[in-house]
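Asker: Residue strings, one per chain:
There are 2 protein chains.
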Amino acid sequence: MSKKERTAIEPTREENYAEWYQQVIKAADLAENSEVRGCMVIKPWGYAIWENIQHVLDGMFRETGHRNAYFPIFIPKSYFEKEAEHVEGFAKECAVVTHSRLEDDGHGGLKAAGELTEPYIVRPTSETIIGASFAKWVNSYRDLPLLINQWANVVRREMRTRLFLRTSEFLWQEGHTVHETPEEAMEETMQMLEVYARFAADYLAIPVIKGEKTEGEKFPGAVNTYSIEAMMQDKKALQSGTSHFLGQNFARSSNIRYQNREGEFDYAWTTSWGVSTRLIGALIMAHSDDNGLVLPPKIAPAHLVILPIYRDEKEKEAVMAVVKQVQEMFKGTWFEDVHLYTELDDRELTGSERNWHWIKKGIPLRMEIGPRDVASGKVMIARRDQGPRDKVAVEMAQIKDYVLKTLAEIQANIYAKALKFQQDNTIKIDDNKAFYKYFTPKNEEQPEIHGGFALSHWCGDAACEEKIKEDLKVTVRCIPFDVAEEDGNCISCGKASKRRVVFAKSY
Amino acid sequence: MSKKERTAIEPTREENYAEWYQQVIKAADLAENSEVRGCMVIKPWGYAIWENIQHVLDGMFRETGHRNAYFPIFIPKSYFEKEAEHVEGFAKECAVVTHSRLEDDGHGGLKAAGELTEPYIVRPTSETIIGASFAKWVNSYRDLPLLINQWANVVRREMRTRLFLRTSEFLWQEGHTVHETPEEAMEETMQMLEVYARFAADYLAIPVIKGEKTEGEKFPGAVNTYSIEAMMQDKKALQSGTSHFLGQNFARSSNIRYQNREGEFDYAWTTSWGVSTRLIGALIMAHSDDNGLVLPPKIAPAHLVILPIYRDEKEKEAVMAVVKQVQEMFKGTWFEDVHLYTELDDRELTGSERNWHWIKKGIPLRMEIGPRDVASGKVMIARRDQGPRDKVAVEMAQIKDYVLKTLAEIQANIYAKALKFQQDNTIKIDDNKAFYKYFTPKNEEQPEIHGGFALSHWCGDAACEEKIKEDLKVTVRCIPFDVAEEDGNCISCGKASKRRVVFAKSY
Numbered sequence: 287m288s289k290k291e292r293t294a295i296e297p298t299r300e301e302n303y304a305e306w307y308q309q310v311i312k313a314a315d316l317a318e319n320s321e322v323r324g325c326m327v328i329k330p331w332g333y334a335i336w337e338n339i340q341h342v343l344d345g346m347f348r349e350t351g352h353r354n355a356y357f358p359i360f361i362p363k364s365y366f367e368k369e370a371e372h373v374e375g376f377a378k379e380c381a382v383v384t385h386s387r388l389e390d391d392g393h394g395g396l397k398a399a400g401e402l403t404e405p406y407i408v409r410p411t412s413e414t415i416i417g418a419s420f421a422k423w424v425n426s427y428r429d430l431p432l433l434i435n436q437w438a439n440v441v442r443r444e445m446r447t448r449l450f451l452r453t454s455e456f457l458w459q460e461g462h463t464v465h466e467t468p469e470e471a472m473e474e475t476m477q478m479l480e481v482y483a484r485f486a487a488d489y490l491a492i493p494v495i496k497g498e499k500t501e502g503e504k505f506p507g508a509v510n511t512y513s514i515e516a517m518m519q520d521k522k523a524l525q526s527g528t529s530h531f532l533g534q535n536f537a538r539s540s541n542i543r544y545q546n547r548e549g550e551f552d553y554a555w556t557t558s559w560g561v562s563t564r565l566i567g568a569l570i571m572a573h574s575d576d577n578g579l580v581l582p583p584k585i586a587p588a589h590l591v592i593l594p595i596y597r598d599e600k601e602k603e604a605v606m607a608v609v610k611q612v613q614e615m616f617k618g619t620w621f622e623d624v625h626l627y628t629e630l631d632d633r634e635l636t637g638s639e640r641n642w643h644w645i646k647k648g649i650p651l652r653m654e655i656g657p658r659d660v661a662s663g664k665v666m667i668a669r670r671d672q673g674p675r676d677k678v679a680v681e682m683a684q685i686k687d688y689v690l691k692t693l694a695e696i697q698a699n700i701y702a703k704a705l706k707f708q709q710d711n712t713i714k715i716d717d718n719k720a721f722y723k724y725f726t727p728k729n730e731e732q733p734e735i736h737g738g739f740a741l742s743h744w745c746g747d748a749a750c751e752e753k754i755k756e757d758l759k760v761t762v763r764c765i766p767f768d769v770a771e772e773d774g775n776c777i778s779c780g781k782a783s784k785r786r787v788v789f790a791k792s793y
Numbered sequence: 287m288s289k290k291e292r293t294a295i296e297p298t299r300e301e302n303y304a305e306w307y308q309q310v311i312k313a314a315d316l317a318e319n320s321e322v323r324g325c326m327v328i329k330p331w332g333y334a335i336w337e338n339i340q341h342v343l344d345g346m347f348r349e350t351g352h353r354n355a356y357f358p359i360f361i362p363k364s365y366f367e368k369e370a371e372h373v374e375g376f377a378k379e380c381a382v383v384t385h386s387r388l389e390d391d392g393h394g395g396l397k398a399a400g401e402l403t404e405p406y407i408v409r410p411t412s413e414t415i416i417g418a419s420f421a422k423w424v425n426s427y428r429d430l431p432l433l434i435n436q437w438a439n440v441v442r443r444e445m446r447t448r449l450f451l452r453t454s455e456f457l458w459q460e461g462h463t464v465h466e467t468p469e470e471a472m473e474e475t476m477q478m479l480e481v482y483a484r485f486a487a488d489y490l491a492i493p494v495i496k497g498e499k500t501e502g503e504k505f506p507g508a509v510n511t512y513s514i515e516a517m518m519q520d521k522k523a524l525q526s527g528t529s530h531f532l533g534q535n536f537a538r539s540s541n542i543r544y545q546n547r548e549g550e551f552d553y554a555w556t557t558s559w560g561v562s563t564r565l566i567g568a569l570i571m572a573h574s575d576d577n578g579l580v581l582p583p584k585i586a587p588a589h590l591v592i593l594p595i596y597r598d599e600k601e602k603e604a605v606m607a608v609v610k611q612v613q614e615m616f617k618g619t620w621f622e623d624v625h626l627y628t629e630l631d632d633r634e635l636t637g638s639e640r641n642w643h644w645i646k647k648g649i650p651l652r653m654e655i656g657p658r659d660v661a662s663g664k665v666m667i668a669r670r671d672q673g674p675r676d677k678v679a680v681e682m683a684q685i686k687d688y689v690l691k692t693l694a695e696i697q698a699n700i701y702a703k704a705l706k707f708q709q710d711n712t713i714k715i716d717d718n719k720a721f722y723k724y725f726t727p728k729n730e731e732q733p734e735i736h737g738g739f740a741l742s743h744w745c746g747d748a749a750c751e752e753k754i755k756e757d758l759k760v761t762v763r764c765i766p767f768d769v770a771e772e773d774g775n776c777i778s779c780g781k782a783s784k785r786r787v788v789f790a791k792s793y
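Residue numbers (the numbering used here), protein chains in the order written: chain E, 287 to 793; chain X, 287 to 793.
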């Protein structure tokens, strides 16, 4: 065996994927665990990614006619009790507010006091509290469609948490809409799933599979749930966004009624849809490598870091003059539809230390400017999607063109790489033994590495789904849209099936 | 008496200011009370104002070197107990989370279950939880200054609430910074107060008085609190933003220590500063009139509404062709440093109904386009800062120039009007009887209307402050920066005083 090359992140993906993930986050300074159980602190570089996600998605929501609003964080217990499936789904893990003050406990400490007549739940999702407002806002078909989005924090108490992927508090957006007919509500549900898929592909550079969730995996209270599913580098699936057709379920429980075109009162048809800070987890796990974070340029907080190199004041003066020119060159510049931001790192550290700092943070381009470069009228530019030591000389006059062209290349490369990985690890399996073998880890010591997505037939029976889950920890990720009907036999029971579904292990 | 002119808002400001305020909010569709005690629902037009406030302030924070991050919503009780004054200030009205799930209560309902070993408080402000992170992030003077901002929701349970002005949950930003020296921390405290004052004047068109809070009015745990105070149209003061110099108080309780340039460990110096959705209340009460909301163009969600007028399909075709031209004309246009947005209202309502709809919403400009206008190559434009029936004909070729010029005029007019009102209602009072008369309502039936700001001498004794508060419900709003020292006598006790302070009733 050849001597292992040292990487910035240890362990590597091969060695221990779960730990690699934590170390990438740490090295890029994205987030950390807090002492509040299950809650994370999102640090500036991580939060800036979230702000970019918000900015782009918010524009897409506006273009499709949605408006932002804000509803209370607390949900009265009685609202929660109205929809049976919904409460079943969320009551087991929630934060319950029962008291309204703290008072002296007589031992130098404080105790909860002022018990509330009705406890509140900190919102795990807002269908019921928003429904209470919608019931007041909707009177006639003229008030429809009602297209609202909320950016907010939500709380679902989780036992085993992982930064970004599963935390007790997380940030998200939740769209809530009301429609006159089931067709319109379904059209909205599909439109927003499509918005999510387009955002994932075009900005996060993550190819996703769109499809419907099975009965067992759908949102509590929904008629149908649809999701986008992405493949991480350990070949597991990550559900990255969901869009729900709620039928008249929540309209009934919240009493959202409207006078239709015939003058009669009827319950309205509603939808909800959301993505969360989990997308940052997807971004990390889809693209990063053993040297740290890799950011698609269209979602990166900054695109180019300038690293000046000098040994004395005279060199510094010459170098910093060029640095200033480059900074000026990019002021007010756009990379496609996003602002192009530069960073300057002139800390008193070695060139190598600063270089590796930014490699680990995933910035798309690094530019070194030293005395020799100044003399030759050039700068050295390195790309995050190439080796850490690869760099090319670019003439001053060419810098802007080179940067814009290269950012577009990086964005395309990252997407192409993720797509190839997904395709290489997605196979049709029709044989039960082959299916079981595919999902059984080859190496006991590295149970994380296993098969990817299996496109296999499923009869639709929950018992078959459950058996596979128990045997292999593999679930039906979705019933994909882009797979044609065909005759086949259920991978578990062998009964006739009309369609292949996506099986995978998942987060 | 002349016959009273009918206004869009009833009652008028004169008749009942508090109720007028509620009605302006309702007529403009900004927000409403929810069934969750003290919590409001911010509706799209109100939320869009908040988004504009966020956008502008966020840019100002970035320019001054701050970065956004996000910290947990829950504060462990033990964190809260660390700073004595702080807990004293917030423990009496807070939301306490004590349980982690709901379970069947045996009577068809649900009850709180899964009691937590340590209760959490839903953040009323985040000094203690952010301090816990800062203690980990700060090790050396090289890590300083640390300049962080958070956009978040906070909860302070309030008994008597009023939309935007005082709600149990509200949205805000809270800046938290750490410094090497008290001088630097104080400089930061002052810089951010100045940012708030500039934002209030230049965007909200509200002139404010900057000054220091008295000992009794400062933030629990702060060494000094500074605020900007604005005058509302009922002549009451509204504290619109605060900036706190926290000394080493929170550094001590959170253990934020750093190695200084001499190699010794010392507690750092911290600041915090915030503004909230209360600013929307300030905006409403400072500028609106008896016909509804008046929005300064630089913070309005939209600047120009187009109101097409036609009676048949033929007229519609001609009119809508011009509407489209006008819409195109403004695509991608900026009004100074904000995007210029147009709205189109072609609902099936009368011209008058649509006109009044937008007057009440406070949009700066309304443009009518009818068949006669099309024929003459002109449109009719009305301004929100003039009478509801005043309008001028503007030629097509002049529209863009006229709109941009007029928006700037409106912005300046609104500010000038508010400044004149503040100046007209601020007087120096040196006589105790005159002071008491100034603050005693002239009309028993309209206790809201009273004197404005009194610049009077105060000896600095809390007892004098307390007496005036008890007698008149008047408090020292601030010890203003822009008032020179001069010899005088305390308005209450008559003892020697070096300085005038601002006395007023307040929200």
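Rather than coming from a laboratory, the hints here were simulated on the basis of the structure.
Quick reminder that beta carbons are idealized off the backbone N, C-alpha and C, glycines included.
Be careful, since some hints might not be right.
Stated by the list, open to error - Simulated crosslink set (DSSO-like; lysine-lysine; CA at most 27 angstroms straight-line):
id: 1; chain 1: X; residue 1: Lys397; chain 2: E; residue 2: Lys378
id: 2; chain 1: E; residue 1: Lys522; chain 2: E; residue 2: Lys496
id: 3; chain 1: X; residue 1: Lys368; chain 2: E; residue 2: Lys397
id: 4; chain 1: E; residue 1: Lys646; chain 2: X; residue 2: Lys368
As the list claims (entries may be wrong) - Just a sample of chain X residues kept apart from chain E, beta carbon distances all over 12 angstroms, derived:
id: 5; residue: Glu318
id: 6; residue: Met346
id: 7; residue: Arg543
Asker: Taking the hints in turn, state whether each one holds.
Answerer: Evaluation of the provided hints:
no. : hint                   : verdict
1   : X:Lys397 with E:Lys378 : 11 angstroms, holds
2   : E:Lys522 with E:Lys496 : 16 angstroms, holds
3   : X:Lys368 with E:Lys397 : 14 angstroms, holds
4   : E:Lys646 with X:Lys368 : 37 angstroms, violated
5   : Glu318                 : 8 angstroms, violated
6   : Met346                 : 16 angstroms, holds
7   : Arg543                 : 18 angstroms, holds
In summary, the numbered hints that this structure violates are 4 and 5.
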